[in-house]
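Visitor: Chain by chain, the residues:
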Amino acid sequence: MTVVIYVVQGILAVAVLLALYRAVLGPSLLDRVLALDVVLAIIAAALVLTMIVNHHTDHLILLVVISLIGFIGSVAVARFITERG
Amino acid sequence: MTRQKFSLVTDVPLILWLTFVWGALWQDFGAGTLIFGLIIAFVVVNFFYLPPVGLSGRFNILAFVSFSAGFLVDLVTASIEVFWLAVTRGPALRNAVVAVRLRSHSDLIVTATGHATSLIPGSLVVEVDRASSTLYLHCLNVRTEEDAEAMRATVRKSEAAFIRIMGTRQELAELRAEESVS
Amino acid sequence: MLTDVVMSILLIGGALMSLAAGIGLVRFPDLLSRMHAATKPQVLGLLLFLLALALETGSWPLIPLLVLCWFFQLLTTPVSAHMVGRAGYRTRHLRQDLLTIDELDDVVACAVVEVDRDDPAHEAEGVDGRQDADRRDVPDH
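Protein chains in written order, with my numbering: chain A, 71 to 155; chain P, 600 to 781; chain D, 3 to 143.
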């Protein structure tokens, strides 16, 4: 099981690096928003992983909050860009 | 900003749902929590009202379960397909924006179909024309007109499933008539 | 032992979905195709992770909260993806040369001509015109 945890951590780390690469490079603002949304989702996955490793469920409410923040953030930016043209 | 009186069909499911959310957040479904949740749900529904959703008043559990199973299968296969496309095809990808005309003019059905279509990886709702209830989808890896036609057929199939779950009786009858013809 | 195996499969599957999002973000050619890779595999990824968590804790009062968590994601991802996609399409952040079919292009072109003909003032203050168009969609109550 510990090996699996390390593998999963490794995959998540690679994924977050790829997403950050796009967020830094991203030609447009929307690309960056999208990439940061993915980073947020990977953070949520990592939170679930810590809960599994440490046998508790205290961070579940953070998952709900993270998904709502990601939603409000991307909708706000998309709205802003549509208005600005 | 006035609103019509408390209506049973639209408000009761919403109140029950909010009570469930309250219980889930407390991770406790005892009587005390639920009653307090019910009171809060009632206050929220009556003070922070949204435009009411036009529910049809019928809900087919069996159709819902079979649709959910199919949806999960689609979700898994399509996710793997997008993964495969990202690894093998990458920058050489060709997409399309496809218009799909839906049968139903009910906002709820159109929204639900759009949601389900967006959730399946490989298609994304870019624009909705409410007057003619047309969805404009951006689809991954569509090269020919046949691919686009297959996409339209899938979307119309999921719309038919939603009509079976919660469409009005009239829509259901029209759907049955259409199916018996073809 | 069996739960460990199932949990491992769920966790690795979920992590691979995140990896799919990362690879798609880097490799796909334009904003809208990146969006397919970025937003959607996450839905399945989170589902697999939450299933693993449910297996690990195995407590019943937790299940509704997990369902709620996933349900919120089901409701919010398509909406934010639609908003970003619409903004991307309207501000021309997609590469037309990568599209084999574009059935929205003609419609948007027609709509723009129509708005200009109805009221030439809209051309000067495009933002207001667009807000009016949005407001027309809201039903009266």
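No wet-lab data here; the hints were simulated from the structure.
For each residue, glycine too, the CB sits at the ideal point set by N, CA and C.
A few of these clues could be false.
To be verified - Simulated coverage check for chain D against chain A, where a stretch passes if three residues somewhere in it have a Cβ under 8 Å from a Cβ of chain A: (1) 4-18; (2) 21-28; (3) 33-42; (4) 54-60; (5) 64-76; (6) 79-89.
Visitor: Take the hints in turn and mark each one as holding or not.
Guide: Hint by hint, here is what the structure shows:
Counting residues of the segment 4-18 of chain D whose CB lies closer than 8 Å to any CB of chain A gives 8, which reaches the minimum of 3, so the coverage claim holds. Judged by the Cβ-Cβ criterion of 8 Å, the segment 21-28 of chain D is covered by chain A as claimed, because 6 of its residues qualify and three suffice. Given a C-beta distance limit of less than 8 Å, the hint that chain A covers the segment 33-42 of chain D holds, as 5 residues qualify and 3 suffice. Coverage of the segment 54-60 of chain D by chain A holds. Counting CB-CB distances below 8 Å, 4 residues qualify, and the rule asks for three or more.
Here's how the segment 64-76 of chain D fares: 7 of its residues keep a CB closer than 8 Å to some CB of chain A, so the rule of at least three is met and the hint holds. Under the rule that three or more residues need a Cβ within less than 8 Å of chain A, the assignment of the segment 79-89 of chain D holds, with 7 such residues.
The structure fails none of the hints (numbered hints given earlier).
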